[in-house]
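**Student:** Sequence:
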Amino acid sequence: RLILADALSLAVEKKPAAIIDMATLTGACVVALGNDVSGVFGNDRTLVRDVLAAGEAEDEPSWELPLFKGYRKDIDSPVADIKNIGSSYGGAITAALFLKEFVDDTPW
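Residue numbers for the sequence shown follow our numbering, beginning at -5 and rising by one.
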């Protein structure tokens, strides 16, 4: 996750129109969706819809999961800017919220 965060930060410096990353962040997504459906997180509704549509067109099922702001506090740290692991629950969401911190306002 830390290396992906570095890659996202570097990508943002290049000022792309959008960033799409694909990663196996946590087992929490598999628990929620099983082995055959990919979880999709994003900060841009149009981009998320496009990713979901592309998956559907290629028979690669995916499902949007929420970037629930209420879980953001789970990655607050008393000694660092942010921590890369949340609480016991909502692991896929807190992983995505962690990565979201590194894309600024870039559609992701």
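Quick caveat, the hints were computed from the structure, so don't treat them as lab data.
Incorrect hints may have been included.
Pairs of lysine-lysine residues, derived as DSSO-like cross-links and limited to a Cα-Cα distance of at most 27 Å, are as follows [said to hold, decoys possible]:
#1 K94 x K77
#2 K9 x K94
#3 K77 x K9
#4 K63 x K94
#5 K94 x K8
#6 K9 x K63
#7 K77 x K8
#8 K63 x K77
#9 K67 x K77
#10 K67 x K94
Label pairs and their calculated CB-CB ranges [said to hold, decoys possible]:
#11 T40 x V73: 34 to 42 Å
#12 D30 x V6: 29 to 37 Å
#13 D70 x D30: 31 to 39 Å
#14 A51 x I76: 31 to 39 Å
#15 D15 x D70: 22 to 30 Å
#16 D53 x S3: 17 to 25 Å
#17 E52 x S82: 31 to 39 Å
#18 Y83 x A51: 18 to 26 Å
#19 E52 x I79: 16 to 24 Å
#20 G28 x K8: 33 to 41 Å
#21 I14 x P60: 12 to 20 Å
#22 D53 x S81: 31 to 39 Å
Idealized CB from N, CA, C, for every residue including glycine.
**Student:** Please go over all the hints and tell whether each is borne out by the structure.
**Tutor:** Each hint, compared with the structure:
1. Simply put, K94 and K77 have alpha-carbon atoms about 13 Å apart, close enough for the 27 Å limit, and the pair holds.
2. With a C-alpha separation of about 16 Å, the suggested pair K9 and K94 falls inside the 27 Å cut-off, and the hint holds.
3. For the given pair, K77 sits about 25 Å from K9 by alpha-carbon distance, which is consistent with the 27 Å threshold.
4. With a C-alpha separation of about 11 Å, the suggested pair K63 and K94 falls inside the 27 Å cut-off, and the hint holds.
5. Restraint check: the Cα-Cα separation between K94 and K8 comes to about 17 Å, which is no more than 27 Å; the hinted pair holds.
6. Taking the CA atoms of K9 and K63, the gap is about 25 Å. The hint holds against a cut of 27 Å.
7. Straight-line distance between C-alpha atoms of K77 and K8 comes to about 25 Å, which keeps the hinted pair within the 27 Å bound.
8. This hinted pair checks out: K63 and K77 have alpha carbons roughly 16 Å apart, not beyond 27 Å.
9. Annotation: proposed proximity of K67 to K77 holds, straight-line Cα distance about 10 Å (limit 27 Å).
10. About 14 Å separates the Cα atoms of K67 and K94, which keeps this hinted pair within 27 Å; it holds.
11. For T40 and V73, the Cβ-Cβ distance of about 37 Å falls inside the hinted range of 34 to 42 Å, so the restraint holds.
12. Between D30 and V6, the C-beta spacing of about 32 Å keeps the proposed range 29 to 37 Å intact.
13. Checked against the given bound of 31 to 39 Å, the beta carbons of D70 and D30, roughly 34 Å apart, stay inside it.
14. For A51 and I76, the Cβ-Cβ distance of about 36 Å falls inside the hinted range of 31 to 39 Å, so the restraint holds.
15. A hinted range of 22 to 30 Å holds for the C-beta pair D15 and D70, which are about 23 Å apart.
16. Between D53 and S3 the C-beta distance comes to about 34 Å, which lies outside the given range of 17 to 25 Å.
17. Between E52 and S82, the C-beta spacing of about 35 Å keeps the proposed range 31 to 39 Å intact.
18. Range check, Y83 to A51: about 33 Å between beta-carbon atoms, so the 18 to 26 Å window is missed.
19. For the pair E52 and I79, the beta carbons lie near 32 Å from each other, so the given range of 16 to 24 Å is not met.
20. Taking the beta carbon of each, G28 and K8 are about 35 Å apart, inside 33 to 41 Å as hinted.
21. Checked against the hint of 12 to 20 Å, the pair I14 and P60 passes, with Cβ atoms roughly 18 Å apart.
22. The beta-carbon spacing between D53 and S81, approximately 35 Å, falls within the hinted interval of 31 to 39 Å.
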